[in-house]
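**Student:** Here are the chains, one letter per residue:
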Amino acid sequence: MAVFEYAPAPESRAVVHVDSHYGLFIGGEFVESEDGSPFKTVNPATEEVLAEVTAAGPRDVDRAVRAAREAYEKVWGPMPGHDRAKYLYRIARIMQERSRELAVLESLDNGKPIRESRDVDLPLAAAWFFSYAGWADKLEYAGFGPDPRPLGVAGQVIPWNFPLLMLAWKIAPALACGNTVVLKPAETTPLTAMAFADICRQAGLPAGVVNIVTGAGDVGAALVSHSDVNKVAFTGSTEVGRQIAEAIAGTGKRLTLELGGKAANVVFEDAPLDQAVEGIVNGIFFNQGHVCCAGSRLLVQESVYDEVLDRLKQRMTTLRVGDPLDKNTDIGAINSPAQLAKIRELSEVGAAEGAERWSAPCELPEHGYWFPPTLFTGVTQAHRIAREEIFGPVLSVLTFRTPAEAVEKANNTPYGLSAGVWTEKGSRILWMAERLRAGVVWANTFNKFDPASPFGGYKESGYGREGGRHGLEAYLA
Amino acid sequence: MPSESRSERVEVRKTYKLYVGGAFPRSESGRSYVVSDAHGRFLANAALASRKDARDAVVAALKAWPGWSARTGYNRDQILYRIAEMLEGRRDQFAAEVAAAEGLSRARAEAQVSAAIDRWVWYAGWADKLAQVLGSSNQVAGPYFDFSVPESTGVVAAVAPQRSTLLGLVSVVAPIIAGGNTCVVLAAEDRPLPAVSLAEVLATSDLPGGVVNILTGRAAEVAPWLASHLDVHGLDLTGIEDSALAVDLERAAAGNLKRVLLPEQEPDWTASPGLSRMRAFLETKTVWHPVGI
Amino acid sequence: MTTMDTLSGVAASASSLRRFLHGLAGVDQVGAEERAARLATRSIKTTAKRFALDLAVSMVDLTTLEGQDTPGKVRSLCAKACRPDPSDPTVPQVAAVCVYPDLVATAKQALAGSDVRVASVATAFPSGRAAQVVKIADVEYAVSQGADEVDMVIDRGAFLAGDYLAVYDEIGAVKRACGGAHLKVILETGELVTYDNVSRAAWLAMLAGADFIKTSTGKVQPAATLPVTLVMLQAVRDFRAATGRQVGVKAAGGIRASKDAIRYLVVVNETAGEEWLSPEWFRFGASSLLNDLLMQRQKLATGHYAGHDYVTED
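Residue numbers (this note's numbering), protein chains in the order written: chain A, 1 to 477; chain B, 1 to 293; chain C, 1 to 314.
Simulated from the structure, these hints should not be mistaken for lab results. Hints should not be assumed to be uniformly reliable.
No more than 27 Å apart at the CA atoms, straight line, and that leaves these computed lysine-lysine pairs for DSSO-like [claimed, not checked]: (1) A:K448 to B:K285; (2) A:K327 to C:K45; (3) A:K86 to A:K74; (4) B:K285 to A:K425; (5) C:K299 to C:K45; (6) C:K175 to C:K219; (7) A:K253 to A:K459; (8) A:K74 to A:K253; (9) C:K219 to C:K108; (10) A:K327 to A:K448; (11) A:K327 to C:K108; (12) A:K448 to A:K459; (13) A:K40 to A:K342; (14) A:K313 to A:K327; (15) A:K327 to C:K259; (16) B:K52 to B:K63; (17) A:K409 to A:K459; (18) B:K63 to C:K219.
So that you can see chain A by itself, here it is in the shape it has in the complex (with noise of 0.2 Å):
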């Protein structure tokens, strides 16, 4: 029993109302399924079924992009750049007014606790679509030309780590830049998407430009493969980044990729130390390790690596895991069972390799998906659990000896998403920024974002950029 129990601080679910069902969010209005069926999405922590959401079938996916190409057409392709810009500001105050509601709505559909979704996910997919919205008409300084063009309609596919966020990061620009969408949410995290179907009716956007179809992999496979859709965004997997690109070889379909990661997060022994271990935590912890650009590889410099292990080991003993509505919770439920069995399998695999696992103590709860803050010592270049993505809180360290040696090792990798650097040399951090083959680096800091910096990868972690005027690119013609 601790001296500072901190007692159980609830968000309180009353401020989100969740309806039983939900169909598709085609030309402006919710509708019923033609040839699809109803699915239920799941609260991760608790196993509850929080609605029945809607699978598209084939000819939902041809109506939402029907609905999208009338809408480009007729209204948002002819529409003034300043005229779009304010219904994008009109959408980013409503979900600034809404956010308390979205933020429990996606800890309740995702699992990641109440503070990410109210401190990070929510701000941030706010400031997207404001940022966004300044953009619209202002498309000639953002260096593609004097009057850049849009390309049309815009099929987009997101994951269920970030489910708004993603969602603002796939939108925004497209609008702006004057496309229409249609978005498939994950199939176990619709909740939020069909709050912003609410938004977008809020805000009066005009029926059509953004549409939302339900389902999983076959309803992507389906909007990405429609004739009429003339560019692809998709955050996801590797694994189904490269079937998207094989799919549409040959279609002259634009496509963006924003795919996955085994990011090095590299101390030096000069590091800020208290705030590296901060980071470090924050890099694999976060959004319970769920992020494709997380340090999941520790590399630390040989000469610091035991007073680091041991802030960390001290450190990660403060974290806590639970209840995601609960405002003290830090580390929240694995989104899916196929998530946590693919977690387990590859800490198993870790184990077996003979790298040595240590959690702290801590209690997990009965019910849901639950997965401890995990690290593996004594992990080298060749084991598995340093090159394949685990997208869990399991951090894999390894040391190094030289910078030379840690950009090497940084860089052994076919993903090339994000890398991190602590030291407090600049010409140093300079120096691994100008080496790492990242689309991301962050210094003596992880996991920042914001609507004006590009955030994307090198190799297999994907093409294309997300933020600031580089962002605009892949919306543009």
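Please build the complex by placing chains B and C on the supplied structure of chain A, with the hints as guidance.
**Tutor:** The following block gives chains B and C in isolation, referenced to the frame of chain A:
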């Protein structure tokens, strides 16, 4: 003013004061002057600003500058957008004031107000994008990381257009503050009332006091004090119609090498403004840092 | 981690002390402030809040350090220290009363029979700008008057000029003059400005024998802040790991609301750890905070917001 019949409600008429440091003081000189509409009919007495009012406004603008420029672009974006929200809510009031000041039909006045609000929205969206568009990282021939960023110039004294009392005013003020500067604005001499109403909008919009200060009065009396003031870093002469005065002011500005924006004769305020008004009051800072282990 | 042996040689010379202090890990300002801000989002409710409020009261050094202090004022404060809420005997006593040296005797008399300690500022508080002989005499006087604890100020001028050994020696001299009294060393973090300086000054004070390190005099802004206290708590944690000796932390100045006090307790809990969660190892230097703690206690007990007429103004 037509006399009111006994059945009409007697209205409460507004007092038009200065806007300095977020507050609404009268002129320290105690003076006022008559403002008439386009047909010569009495509208109101406006405060007649003195050099001391201008001095106080500069103090307020200077004090507000570090905080305003240190805010994130996103934060300035949101505040400026909020100002647009407030303006939109007061469309009717502004349409009436612009119509009276400029002698426009109600419909033309409303079009001006709409354009002014949209102009404000356009500038709001620039606040977090200037560095990407105007800044750069520079490929120098050596092991250095070299980057250039735009930074605000400081306190800008601006003379508002004499004829376009809202759209022209907004087109002068918004670009100054979007980039992080603060300003002291001399409203159109004979048509100052929309500017004072704009001050009321600013005061209710989360804009920190002192970021924009609005004086009403005579350019010939007040502008020279601003042009020669050593705590003023930029000078926008847009609204100076007297060319001899404009030259004098430009000369006075040379005292501390103020960045000067020269007067424009009857520009088309509805045309897209481009970046020049923001650029006029932005500096460029270039930083070098070695790259090595 | 360094051993006790290595650290005792650290102050053997000015240059070795400088090398040690400059060799400490740096503190990244943005990272430290983000950590403090994240800890400040902890939601402390119901039973946890009740516990925290009582703990905070017991950690208060009730303070009056004004030129206009009189014996009457000090007696009034001491009465409050012993019985913070006349309507509620379950409220704990505060830890100490903190006064200027020439009012120590008055405080001592007023607190006779209670467990509330008498802390005295000394060493030409708050500026510390006086000859060393004067500063030591100040300490000796306070101790002779009966002070249980002495809150000294470091020589910030010497620190900022890089004369670490002079600061170290002075703390040592004050510690000796304290005799059995506990020594709190005020770093005056608002004048040190950077977190690196705070970290170095903290280590310097601890090496020189401080029983407590204290953020501020309360006479300079900024005084105590959550990130500065976080950095100091990390220092005392590391110092104990290195030497085996536990040093306390006092956050002083600008902490007026219970909500803030509770945030500090959370930072203590999750940084240095629960062994620091007692008045023996953590203090709040405050005056108006006490009434806010009492009003929050009243609200928890009654269910409605309290009023200023229901706590005493002393």
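**Student:** Are the hints correct? Go through all of them and say.
**Tutor:** Here is what the structure says about each hint:
The hinted pair formed by K448 of chain A and K285 of chain B meets the criterion: a straight-line CA distance of about 25 Å does not exceed 27 Å. This hinted pair checks out: K327 of chain A and K45 of chain C have alpha carbons roughly 10 Å apart, not beyond 27 Å. Under the criterion of a C-alpha separation no larger than 27 Å, the hint pairing K86 of chain A with K74 of chain A is consistent with the structure, at around 18 Å. For the proposed pair K285 of chain B and K425 of chain A, the alpha carbon gap of about 22 Å is at most 27 Å, so the pair holds.
Between the alpha carbons of K299 of chain C and K45 of chain C the distance comes to roughly 12 Å, so the proposed pair stays at or under 27 Å and holds. Restraint check for K175 of chain C and K219 of chain C: satisfied, since their Cα atoms lie roughly 23 Å apart, inside the 27 Å limit. Of the pairs offered as hints, the one joining K253 of chain A and K459 of chain A holds, with about 20 Å between alpha carbons and a cut-off of 27 Å not exceeded. Taking the CA atoms of K74 of chain A and K253 of chain A, the gap is about 22 Å. The hint holds against a cut of 27 Å.
Restraint check for K219 of chain C and K108 of chain C: satisfied, since their Cα atoms lie roughly 24 Å apart, inside the 27 Å limit. For the proposed pair K327 of chain A and K448 of chain A, the alpha carbon gap of about 21 Å is at most 27 Å, so the pair holds. Taking the CA atoms of K327 of chain A and K108 of chain C, the gap is about 45 Å. The hint is violated against a cut of 27 Å. A C-alpha spacing of about 21 Å is found between K448 of chain A and K459 of chain A, which places the hinted pair at or below 27 Å, so the restraint holds.
A C-alpha spacing of about 22 Å is found between K40 of chain A and K342 of chain A, which places the hinted pair at or below 27 Å, so the restraint holds. For a cut-off of 27 Å, the pair hint linking K313 of chain A to K327 of chain A stands: about 23 Å separates their Cα positions. Proposed proximity of K327 of chain A and K259 of chain C is supported: the alpha carbons are some 16 Å apart, at most 27 Å. For a cut-off of 27 Å, the pair hint linking K52 of chain B to K63 of chain B stands: about 17 Å separates their Cα positions.
Proximity of K409 of chain A to K459 of chain A is assessed by CA-CA distance (about 16 Å); at most 27 Å being required, the pair is judged to hold. For the hint linking K63 of chain B to K219 of chain C, the alpha-carbon distance of about 24 Å falls within 27 Å, and the restraint holds.
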